[in-house]
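Start from the sequences, fold in the hints, and give me the full structure.
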Amino acid sequence: MTEKKLMKGNEAFGLAAILGGARYYFGYPITPQNEVTEYMSRELPKAGGSFLQAESELAAINMAYGAAAAGGRVFISSSSPGIALMQEGLSGLASIEAPVVVLNVMRGGPGIGNIQPGQADYFQATRGGGNGDYHSVVYAPASIQEAMDMIVEAFEVADRIRNPVMVLADGMLGQMMEPVQLPDKERTFSLEENLKTKPWALTGHHNIRERNVIKSVYLQQDMLEQHVNHLWEKYKKAEKELVDWEEVNLDQAQVVFVSFGTTSRIVKEAMKNLKNIGIETGMIRPKTLWPFPYPAFERLWEGTEAVVSCELSKGQMIQDVALGMAGRIPVSLIHRTGGMLLTPEEITKETIRIIEGGGKHEAGF
Amino acid sequence: MKPVFEYTKGMRDQETHYCPGCTHGVAHRLVMEVLSEKEKLGETIGVCPVGCSILAHQYMDVDMIEAAHGRAPAVATGIKRVHPRKLVFTYQGDGDLASIGMGEIVHAAHRGENFCTFFINNAIYGMTGGQMAPTTLIGQKATTAIHGRDSKLTGNPIGMAELLATVEGAVFVERVALNTPAHIRKAKKAIQNAFLVQEKGLGFAFVELLSICPINWGLPPTEAVQWLENNMIPVFPLKSFRFPKEGLE
Chain A
0 MTEKKLMKGN EAFGLAAILG GARYYFGYPI TPQNEVTEYM SRELPKAGGS
50 FLQAESELAA INMAYGAAAA GGRVFISSSS PGIALMQEGL SGLASIEAPV
100 VVLNVMRGGP GIGNIQPGQA DYFQATRGGG NGDYHSVVYA PASIQEAMDM
150 IVEAFEVADR IRNPVMVLAD GMLGQMMEPV QLPDKERTFS LEENLKTKPW
200 ALTGHHNIRE RNVIKSVYLQ QDMLEQHVNH LWEKYKKAEK ELVDWEEVNL
250 DQAQVVFVSF GTTSRIVKEA MKNLKNIGIE TGMIRPKTLW PFPYPAFERL
300 WEGTEAVVSC ELSKGQMIQD VALGMAGRIP VSLIHRTGGM LLTPEEITKE
350 TIRIIEGGGK HEAGF
Chain B
0 MKPVFEYTKG MRDQETHYCP GCTHGVAHRL VMEVLSEKEK LGETIGVCPV
50 GCSILAHQYM DVDMIEAAHG RAPAVATGIK RVHPRKLVFT YQGDGDLASI
100 GMGEIVHAAH RGENFCTFFI NNAIYGMTGG QMAPTTLIGQ KATTAIHGRD
150 SKLTGNPIGM AELLATVEGA VFVERVALNT PAHIRKAKKA IQNAFLVQEK
200 GLGFAFVELL SICPINWGLP PTEAVQWLEN NMIPVFPLKS FRFPKEGLE
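Respectively, the protein sequence lines represent chains A and B.
Numbering-wise (numbering that gives the first Met the number 0), the first sequence opens with residue 0 and increments by one.
Numbering-wise (numbering that gives the first Met the number 0), the second sequence opens with residue 0 and increments by one.
Simulated pairs of lysine-lysine, BS3-like, Cα-Cα distance not exceeding 25 Å: (1) K214/A <-> K8/B; (2) K39/B <-> K199/B; (3) K39/B <-> K195/A; (4) K8/B <-> K39/B; (5) K286/A <-> K236/A; (6) K214/A <-> K39/B; (7) K214/A <-> K233/A; (8) K238/B <-> K199/B.
Since the hints were made in silico from the structure, they are not lab data.
Since this is a predicted model, take the numbers as computed values, not measurements.
So, in structure tokens, the structure goes:
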């Protein structure tokens with residue numbers, strides 16, 4: 000039997016990172032993710048790792064950049080405004096092809112916003128976020144257990160494709176407690192073994208190899224184009240290999256919801272309410288936001304009258320939903336923003352209005 | 000027969016992109032000379048800034064990385080965490096270190112990070128074409144201060160060595176110049192000492208090297224070295240600001 004434990008989200012994220020092999024963590028206080036930083040300061044040294052509180056998120060991501068380039072397995076976390084400050088580093092990490100796992104415990108925005116849960120960093124996370132042509136892989140966990148599994152997996156993916164991988168959680172997931180199943184035993188992770196898989200890392204050449212140079216400047220335009228094309232070959236491959244989603248009741252659904260993260264759990268409550276009044280609904284729940292599960296939308300049957308994006312933003316993921324639908328079925332939006340949450344009752348009521356309106360409706364609050 | 004002069008081991012056999020008369024070449028060579036004399040080229044990791052020396056990795060025969068503008072001390076901090084027994088250094092100009100990277104350098108010093116920073120102060124932005132730097136002298140002309148720097152508008156030139164000397168974790172702080180052979184010999188000694196501080200694990204070591212930028216100063220190199228002597232040294236005095244109490248021998 001594996002151990003089952005009741006854990007707070009933010010602490011479970013930290014534990015998952017250590018189990019996934021993270022040995023370097025650079026953090027800066029920001030709510031609602033402070034427990035991650037506090038947990039890592041307490042627990043990472045016990046695992047033989049190195050914790051450092053940086054002077055800013057800007058410094059934290061650049062410390063991560065240095066540690067990743069040196070071959071370390073690196074974890075960083077922050078919340079929306081802090082992640083905004085890290086975009087320079089994420090763009091740089093994608094360019095130098097260094098693996099880092101980034102956790103965003105999202106809160107309300109824009110600006111300083113507030114510390115309530117939000118999903119309005121969707122564009123920033125999935126479109127790159129920093130300057131230039133690049134992507135981060137983005138996972139969207141809906142439970143603490145799923146977040147732990149995704150964080151462990153994220154380190155393998157980051158090493159494999161040599162790119163930043165983001166886990167996009169929110170303040171609700173960070174602050175709540177749930178039972179989680181821990182892996183049988185802690186993974187043993189050694190820098191020496193991991194370094195053998197990273198011949199590009201900065202280790203000192205020891206006069207036995209050519210010097211390693213890690214760079215993101217390509218002053219000749221044809222060289223930069225060639226470099227970006229190389230990154231894009233990786234992204235094209237990742238789109239096929241990494242895309243992941245959950246399907247619920249698509250075969251009979253009159254209405255199909257699209258929702259990610261904690262919001263998808265509220266939508267599942269509304270689906271029960273709707274079933275009780277005789278409306279069959281289904282759900283596509285993206286587990287990866289980049290790559291986005293466009294193929295899932297080809298699976299919808301002719302009985303589906305409406306596709307509804309449910310999200311905690313003014314409508315960001317809906318653009319990907321519309322791309323996935325390509326005009327075949329009307330796409331609507333049910334949303335709250337600013338740190339407000341959707342309720343199952345709101346979703347139920349708005350869904351009925353959408354059906355009555357022939358599938359096209361923007362639910363505003 | 001023993002050769003009287005050889006190409007510096009540690010400098011790659013390559014023409015540089017630096018302008019004629021620029022002292023980056025001298026500074027590069029001093030850092031590489033010190034490392035090769037210590038036989039530590041293979042155990043060193045360097046961090047390049049954004050600025051003229053972003054391409055220093057083309058010339059220095061050690062593992063190197065480019066940092067984003069101003070962030071070299073944070074990048075070096077991350078590298079040193081992974082490889083605490085390797086020698087790590089940053090090489091940064093005045094726009095990079097004293098302007099956009101002020102936060103990172105002060106906090107790296109404040110934490111007593113165990114790496115070396117070599118700070119090239121030529122009182123101007125070089126790569127972008129002669130804009131005013133935090134170290135630009137009062138009255139010195141720049142493309143963003145065409146009538147000369149006015150302290151009422153933009154303050155006075157900032158003394159990074161003086162500033163960092165107030166930070167406890169910066170155990171070695173020295174300012175040197177690259178305009179005369181005598182000054183260059185002292186500069187090499189300071190670089191040697193900075194690496195010794197790191198090898199002994201004493202804390203953060205900082206060497207400010209006053210340098211010339213003939214192109215953006217609008218002076219021939221022979222006059223530029225004189226301009227540095229007459230104008231920069233009075234504002235940026237050459238001295239040892241901090242030296243480890245326990246000594247280095």
